[in-house]
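Novice: Spelled out from the first residue to the last, the chains are:
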Amino acid sequence: MRSKGALAVAAAAALTLAACGGPAEEEEAGSDIEWDAEAQQYVMEEEIASGEAALKVWFEEDYLAEAAIAAFNEEYPDVKVEYELVSKVDAVDKMALAGEAGNGADVYMTVYDRLATAIEDGTAAPIGEYQNVLTERMSETFTGVVSQDGAMYAVPTTTESIALMYNETLLEELTGSPEPAATWEEIVALAEDYNDPAANRWTIRFLSGEIYYAYSVLSSLGWEAYPKGNVDNPGFDEPVLAEGLEYYASLRDIWNVPSADATWETIEEAFAQGETPYVITGPWSFSTFDPGAEEHGFTYGVTTLPAVDGGEPAGSLAGMNVTAVSGYTEYPAAARVFANFMASDAGAAVVYGATGQIPALNEDLLSGIEGIGDDPHVAGIVAQSQQAHLLPQVPQYFWETGNTMIVDVWDGLSSVEDAQAKAADGYAELHGL
Amino acid sequence: MSTTAQRSALSAPVPGIASALVWGAGQLINRQAGKAAFFFVFFAGAIGWEVSSGNYYAGMEFTARSNGGFFVKGLWGLFTLGSQPRQMTINGLTEGDNSIVLMANGLIALLTLALLAVMWIWSIRDAVRYRARLNAGGERERSRDYFRQLWDGAFAYIVLSPGLVLIVFMSVLPVLFGILVAFTDYNRDNLPPKNLVNWVGLDNFATILSVPAWTGTFFGVLVWTFVWAIFATASTYAFGFLQAVLLSSRRVRFPRVWRSIFLLPWAVPAIVSALVFRSMFNGQFGPISQFLVDIGLTEERIYWFTDPSMPNVARGVALLINLWLGFPFFMALIGGVLTNIPATYYEAARIDGAGPVHQLRYITLPVVHRTVAPLLILAFVSNFNNFGVIYFLTEGGPDNADYRFAGSTDLLITWLFKLTLDNRLYNIGAVMSLVIFVIVGTISVWNLNRSKAIREL
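Going line by line, the protein sequences match chains A and B. Each residue of the first sequence is one higher than the last, beginning at 1 in the working numbering. Each residue of the second sequence is one higher than the last, beginning at 1001 in the working numbering.
Treat the hints as calculated values from the structure; they're not laboratory data. Computed from a predicted model, the values in this text were never measured in an experiment. From the three backbone atoms N, C-alpha and C, an ideal C-beta is built for every residue, glycine too. Careful: at least some of the hints might be erroneous.
[What the hints assert, rightly or not] Covered stretches of chain A (chain B as the covering partner; in silico rule of three or more C-beta atoms under 8 Å from a C-beta of chain B): (1) 61-74; (2) 254-265; (3) 323-333.
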């Protein structure tokens, strides 16, 4: 109920029968935004180009937002861009509400595995003509992850893949050589001497209960998630997966910790303190490892994930941060210009400079960015990214059923066959609902 | 003309019908202008609101979707859930209907209409009754007298009515919304704004029954939820009682200091405590396991929350931690009740030769229990749905290979959360929360009706 005042006003309006109006204004689908083929850019809306109205963007980090906007303004000095801080993981859910309420951002950053949701929600709009621009600048692995039915729904901005990080100083001490292991067998051999479970001394640490991490072992033995690139079949019942899972379960001997106890903090911390020769993690850990290495006097390297002896090179699942254009935006052209800017040379330089994350561009374009060529840690991630697998827009329950399968095997809850059958059934049940 | 002639000319239903058509018209016929104006304001307000929020003009082709106002379009939306989904184009989303917004607006319109219907019925009944009284030879009554009498006689209800309106929109509305979602296909395959949600009747209930793997998990989780709720409530109550009685004893020195210390667990947000306990009880890297090994009490580390072969260890520890979190509430509550027990009871008991145990058993316990019983039921309900402690402490673990998407310590509410919200199965989630609602609601109503404190309220 509104206030009494509103009621009185409404009553007065009714009494005087002053209510009149025009025919319902169904908004016509206006003409499509204009593409400038010569400049390979969309033509920005007049209000935005003249600075009359501001473009609103959502970033997670204020230093990235300020740097990106400053660089954008160098190219487009008249355009006003405002930013709000919204975490990438929350951005899609927030956008669904804020968009409907009319106060959402025009452009926002999110993580690639939230994008399937964003497309369903209508919070990520196709990027249109920029698709052709971007496919020339980055590998298909990246553009494929943000595509659905052949249309790209976001601009891949930074890439990440997990990789093997190793403590050079400690390895030199233990094996006489700072070279990292290329196979799991070498790590197992080192673990026989180095592991001391009573003192929590482990040769390698990783999140053992997640398919995201187990995938390197499984793929080295020949399994590929979604073998047919089709969301109906995640490939949980493939016989080749059984082999991979058996092998994965055998690794419990050298990292004998229940999956739920192997928490993130314990993994990162032990490596940062120089106690663990190997750790499997992603570039987000650099910010913890760099000060740790300095404090505890060691150097560390980054390389491709270990393969199984005689198996294929270990794959990983490509992870990305992406920039999306909201489906609710009033300035679809200007929003796309900004989103595309994040993957331009200038934008990529800003992203790397502000966050140290690796822009999702082809290697030859990457080398043009200042500082990135000399960064050996980045090189390791890029090397692993070359082996990363393209995953279609996977539903959330792929991770849940897959993680349950990995946990069942790792913690010895059930046989490999049972775990596979349960995962396949669980996936089918949720897929069929 | 004589008033009696006019009176006898009109039978009682006539003003009633008039008021039913135009609110207050019956009162006007009854020659009570004040009352008539009172009811007419509501009538005109409702019509005015509809007209001004709608799109009414001469010569229109009326459709509820494009012309309807607050009420007509609201009800249209509630029944149809929209007719035109929005589409994604290069220019963004096209105009269209968002089923969920329509459903919410429709509910608001429906509830507003329900409140207005109360006024409507009041106006009809008043017109009929007053005319009947006149016809029976009763005295005329001025509107002002009527309202004064009303103010005096129904003061409590008038004062409570803003609260009632608030409850309707703040509590009833979300509950109704949740119930309605259980009868739609609102899930990840059918998300607004690009899709319309449809009414599907009882299909969702059939879906749940048709997945047998879930039924097994459901009953397993349900049993543990009951065990948890009963033990969690009983343990916090018993321990809080004990602490309160001990603190009220004259032999305890510095009772205030003790009370403050014991209240601390309650002052820290439960989620923060749960997260701290979680890392303390980490089987492999937590300090407690390590300590037990170091002092030689156990040979190997104890995997408190993660050993699938011992789910009861995890359950027990979770109950203990909940006890630590929950007892201060009952301690403070019972401490307050204890101060209200007259000392004369105990004096009389002592004179009759009752020892401290007898005094506790026959005086303290019954008095406290009688006052606290309704709160015990509320505590049971909140433990039944104790999302925070389980979700942040164990995340449902240890894993249970026989369950789907649930671990051994998962409560119904955490299972439901993982199963439905992560997978965006809002309709299935709504069905399951209806089930929880029925279980918890039945128990609560039955128990509250039995407790004296409520019956004598």
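Novice: Look at each hint and say if it fits the structure.
Specialist: Outcome of the hint check:
no.: 1; hint: 61-74; verdict: violated (count 0)
no.: 2; hint: 254-265; verdict: holds (count 8)
no.: 3; hint: 323-333; verdict: holds (count 6)
Checked against the numbered hints listed earlier, the structure breaks hint 1 alone; every other hint is satisfied.
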